[in-house]
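Given next are the chains, with one letter for each unit.
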Amino acid sequence: MDIGKIKEYSDLAHDLALTKKNALEKCRANQIFAYNGKLFKADAETINLVSTLKSYSETFTILDTNQNPCQIENPDNFLEILIQKNQESLNAYRKLLEQLKRR
Amino acid sequence: MTKGVLLYCFDTDEVKYHRFLIKCVRQIETFLKLPITVVTNSETHNFVKHLDVGFRIIENRKGNTRYYRGKNISWHNLERVNALSHSPYDQTILMDIDYFCFSDNLLKYLDTDYDFLVHDKVLDITGKNVILGTNESVLPIVWATVIIFRKCERTERIFALVKHIQQNYEHYRNLYRIRHRNYRNDFAFAVALHQMNGMIPVENFIPAPMFMLPHEYDVLDIDDSGLMFRYDKRVGYLQGIDVHLLDKEFVNGR
Numbered sequence: 013m014d015i016g017k018i019k020e021y022s023d024l025a026h027d028l029a030l031t032k033k034n035a036l037e038k039c040r041a042n043q044i045f046a047y048n049g050k051l052f053k054a055d056a057e058t059i060n061l062v063s064t065l066k067s068y069s070e071t072f073t074i075l076d077t078n079q080n081p082c083q084i085e086n087p088d089n090f091l092e093i094l095i096q097k098n099q100e101s102l103n104a105y106r107k108l109l110e111q112l113k114r115r
Numbered sequence: 588m589t590k591g592v593l594l595y596c597f598d599t600d601e602v603k604y605h606r607f608l609i610k611c612v613r614q615i616e617t618f619l620k621l622p623i624t625v626v627t628n629s630e631t632h633n634f635v636k637h638l639d640v641g642f643r644i645i646e647n648r649k650g651n652t653r654y655y656r657g658k659n660i661s662w663h664n665l666e667r668v669n670a671l672s673h674s675p676y677d678q679t680i681l682m683d684i685d686y687f688c689f690s691d692n693l694l695k696y697l698d699t700d701y702d703f704l705v706h707d708k709v710l711d712i713t714g715k716n717v718i719l720g721t722n723e724s725v726l727p728i729v730w731a732t733v734i735i736f737r738k739c740e741r742t743e744r745i746f747a748l749v750k751h752i753q754q755n756y757e758h759y760r761n762l763y764r765i766r767h768r769n770y771r772n773d774f775a776f777a778v779a780l781h782q783m784n785g786m787i788p789v790e791n792f793i794p795a796p797m798f799m800l801p802h803e804y805d806v807l808d809i810d811d812s813g814l815m816f817r818y819d820k821r822v823g824y825l826q827g828i829d830v831h832l833l834d835k836e837f838v839n840g841r
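These protein sequences, in sequence, are chains A and B. Counting with our numbering, you get residues 13 to 115 for the letters of the first sequence. Counting with our numbering, you get residues 588 to 841 for the letters of the second sequence.
Calculated directly from the structure, the hints in this document are not laboratory data. Honestly, I wouldn't trust all of these hints.
[To be verified] Derived lysine-lysine pairs resembling DSS-like cross-links, with alpha carbons at most 27 Å apart:
1. B:Lys708 - B:Lys738
2. B:Lys715 - B:Lys738
3. B:Lys750 - B:Lys708
4. B:Lys708 - A:Lys33
5. B:Lys658 - B:Lys820
6. B:Lys658 - A:Lys32
7. B:Lys590 - B:Lys610
8. A:Lys17 - A:Lys113
9. A:Lys97 - A:Lys32
10. B:Lys649 - B:Lys610
11. B:Lys658 - B:Lys695
12. B:Lys695 - A:Lys66
13. B:Lys695 - B:Lys708
14. A:Lys17 - B:Lys715
15. A:Lys19 - B:Lys603
16. B:Lys695 - A:Lys33
17. A:Lys113 - B:Lys715
18. A:Lys113 - A:Lys33
19. B:Lys658 - A:Lys97
20. A:Lys32 - B:Lys738
21. B:Lys695 - A:Lys17
22. B:Lys738 - B:Lys750
23. B:Lys636 - A:Lys107
24. A:Lys97 - A:Lys107
25. A:Lys97 - B:Lys603
26. A:Lys32 - B:Lys590
27. B:Lys708 - A:Lys32
28. A:Lys97 - B:Lys820
29. B:Lys636 - B:Lys620
30. A:Lys107 - B:Lys738
31. A:Lys113 - B:Lys820
32. B:Lys636 - A:Lys33
33. B:Lys750 - A:Lys97
34. B:Lys590 - A:Lys19
35. A:Lys33 - B:Lys820
36. B:Lys603 - B:Lys695
These figures come from a predicted structure and were not determined experimentally.
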């Protein structure tokens with residue numbers, strides 16, 4: 013076994029892991045948006061929460077990223093924004109990972 | 588309601604900060620598209636008067652220093668406490684000129700009810716996590732690199748308190764056991780927010796970490812969309828996300 017080759021592979025794996033980590037953080041940063049004066053993250057948890065609450069009530073209150081309450085008057089519109097932001101950021105992340113795989 | 592960006596720029600003997608300003612302004616024009624006001628002194632203004640920004644010329648206080656790559660260099664960071672009166676805008680994004688926008692992410696924070704936002708988390712883009720030391724103080728640090736504020740009574744109180752802390756910094760440094768001997772706005776704002784919040788940890792922050800390249804590592808190349816940096820013997824890339832660069836030499840060309 014050529015140790016030099018293994019080291020080279022390890023270095024490349026490190027670079028890829030760092031690029032992936034930074035890209036994931038960028039993806040998460042891009043999921044943040046302002047709505048009704050508060051800040052939300054378009055992640056799976058928020059989407060699931062809103063989707064669930066929407067099926068029970070036409071308006072409801074949820075907490076923003078800083079634990080401040082926000083009344084959601086138009087759940088359909090809010091969920092649409094959440095999904096759009098979520099998919100925009102995740103698609104960009106997926107494309108970057110696909111590029112990395114080809115390297 | 589008027590919105591804009593406020594920048595402070597003072598050249599020192601060691602660092603030609605006006606070169607950062609030129610790059611920083613270009614990035615803001617590209618991504619944020621907001622009016623810009625630069626607070627500077629007459630010496631530095633001579634190098635940047637061609638920029639399409641508003642200027643406020645002051646005689647800045649000097650005397651502070653910072654550690655940078657094995658030596659202490661001048662650090663003209665004492666005027667930031669006057670940002671509330673220096674800003675002509677109702678809503679202001681106050682940022683360091685070594686913070687470069689590669690996205691419009693900061694704009695969203697202007698569309699909120701929050702009257703004062705800063706980062707409380709940082710992401711070392713080299714993965715080395717060398718930015719935060721251990722036991723730097725007994726209160727969690729906040730980052731004064733980017734401050735988004737609205738002119739209101741609460742913000743007036745915060746800035747008044749930061750001024751008071753700056754004037755009595757040795758006392759507050761001892762009180763909060765801040766290890767750094769020089770004056771740092773990060774800690775001054777952290778102390779002010781802690782005191783303003785009734786000594787209870789503050790909760791309202793920018794919910795994303797601030798991307799940062801530590802001063803130990805070099806920027807190899809930078810364009811309008813991102814940067815290439817060297818850490819140890821490796822090269823990293825970052826695109827489409829705002830980043831705070833502590834390397835003070837890349838603007839001179841490598």
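Checked hints:
1. Only pairs whose Cα atoms come within 27 Å are accepted, and B:Lys708 paired with B:Lys738 is accepted, the gap being roughly 24 Å.
2. About 38 Å separates the Cα atoms of B:Lys715 and B:Lys738, which puts this hinted pair outside 27 Å; it is violated.
3. In summary, the hint linking B:Lys750 to B:Lys708 is supported, as the alpha carbons are separated by about 24 Å, within the 27 Å threshold.
4. At roughly 16 Å between alpha-carbon atoms, B:Lys708 and A:Lys33 fall within 27 Å of each other, so this suggested pair holds.
5. Only pairs whose Cα atoms come within 27 Å are accepted, and B:Lys658 paired with B:Lys820 is accepted, the gap being roughly 23 Å.
6. In summary, the hint linking B:Lys658 to A:Lys32 is not supported, as the alpha carbons are separated by about 34 Å, beyond the 27 Å threshold.
7. For the proposed pair B:Lys590 and B:Lys610, the alpha carbon gap of about 21 Å is at most 27 Å, so the pair holds.
8. For the proposed pair A:Lys17 and A:Lys113, the alpha carbon gap of about 19 Å is at most 27 Å, so the pair holds.
9. Taking the CA atoms of A:Lys97 and A:Lys32, the gap is about 19 Å. The hint holds against a cut of 27 Å.
10. Distance restraint check for B:Lys649 and B:Lys610: the Cα-Cα separation of roughly 24 Å lies within the 27 Å cut-off, and the hinted pair is therefore satisfied.
11. A distance of roughly 38 Å separates the Cα atoms of B:Lys658 and B:Lys695; the hinted pair therefore is violated under the 27 Å criterion.
12. Annotation: proposed proximity of B:Lys695 to A:Lys66 holds, straight-line Cα distance about 25 Å (limit 27 Å).
13. This hinted pair checks out: B:Lys695 and B:Lys708 have alpha carbons roughly 18 Å apart, not beyond 27 Å.
14. Between A:Lys17 and B:Lys715, the direct Cα distance comes to roughly 24 Å. Compliance with the 27 Å bound is thereby established for this hinted pair.
15. Distance check on the hinted pair: A:Lys19 and B:Lys603 sit about 40 Å apart at the alpha-carbon level, beyond 27 Å; violated.
16. Proposed proximity of B:Lys695 and A:Lys33 is supported: the alpha carbons are some 23 Å apart, at most 27 Å.
17. Under the criterion of a C-alpha separation no larger than 27 Å, the hint pairing A:Lys113 with B:Lys715 is consistent with the structure, at around 24 Å.
18. At roughly 15 Å between alpha-carbon atoms, A:Lys113 and A:Lys33 fall within 27 Å of each other, so this suggested pair holds.
19. Proposed proximity of B:Lys658 and A:Lys97 is contradicted: the alpha carbons are some 45 Å apart, above 27 Å.
20. About 39 Å separates the Cα atoms of A:Lys32 and B:Lys738, which puts this hinted pair outside 27 Å; it is violated.
21. Note on B:Lys695 and A:Lys17: the hinted pairing is violated, with a Cα-Cα distance of about 46 Å set against a maximum of 27 Å.
22. About 16 Å separates the Cα atoms of B:Lys738 and B:Lys750, which keeps this hinted pair within 27 Å; it holds.
23. Distance check on the hinted pair: B:Lys636 and A:Lys107 sit about 42 Å apart at the alpha-carbon level, beyond 27 Å; violated.
24. The hinted pair formed by A:Lys97 and A:Lys107 meets the criterion: a straight-line CA distance of about 16 Å does not exceed 27 Å.
25. Note on A:Lys97 and B:Lys603: the hinted pairing is violated, with a Cα-Cα distance of about 39 Å set against a maximum of 27 Å.
26. The hinted pair formed by A:Lys32 and B:Lys590 fails the criterion: a straight-line CA distance of about 35 Å is larger than 27 Å.
27. Between B:Lys708 and A:Lys32 the alpha-carbon distance is near 19 Å, which keeps this suggested pair within the 27 Å criterion.
28. Restraint check: the Cα-Cα separation between A:Lys97 and B:Lys820 comes to about 36 Å, which exceeds 27 Å; the hinted pair is violated.
29. Restraint check for B:Lys636 and B:Lys620: satisfied, since their Cα atoms lie roughly 19 Å apart, inside the 27 Å limit.
30. Between A:Lys107 and B:Lys738, the direct Cα distance comes to roughly 41 Å. Violation of the 27 Å bound is thereby established for this hinted pair.
31. Pair hint A:Lys113 plus B:Lys820 holds up; C-alpha atoms about 22 Å apart against a cutoff of 27 Å.
32. Proposed proximity of B:Lys636 and A:Lys33 is contradicted: the alpha carbons are some 40 Å apart, above 27 Å.
33. This hinted pair does not check out: B:Lys750 and A:Lys97 have alpha carbons roughly 40 Å apart, beyond 27 Å.
34. Pair hint B:Lys590 plus A:Lys19 does not hold up; C-alpha atoms about 51 Å apart against a cutoff of 27 Å.
35. This hinted pair checks out: A:Lys33 and B:Lys820 have alpha carbons roughly 19 Å apart, not beyond 27 Å.
36. Distance restraint check for B:Lys603 and B:Lys695: the Cα-Cα separation of roughly 31 Å exceeds the 27 Å cut-off, and the hinted pair is therefore not satisfied.
Of the numbered hints stated above, those contradicted by the structure are hints 2, 6, 11, 15, 19, 20, 21, 23, 25, 26, 28, 30, 32, 33, 34, 36, listed in ascending order.
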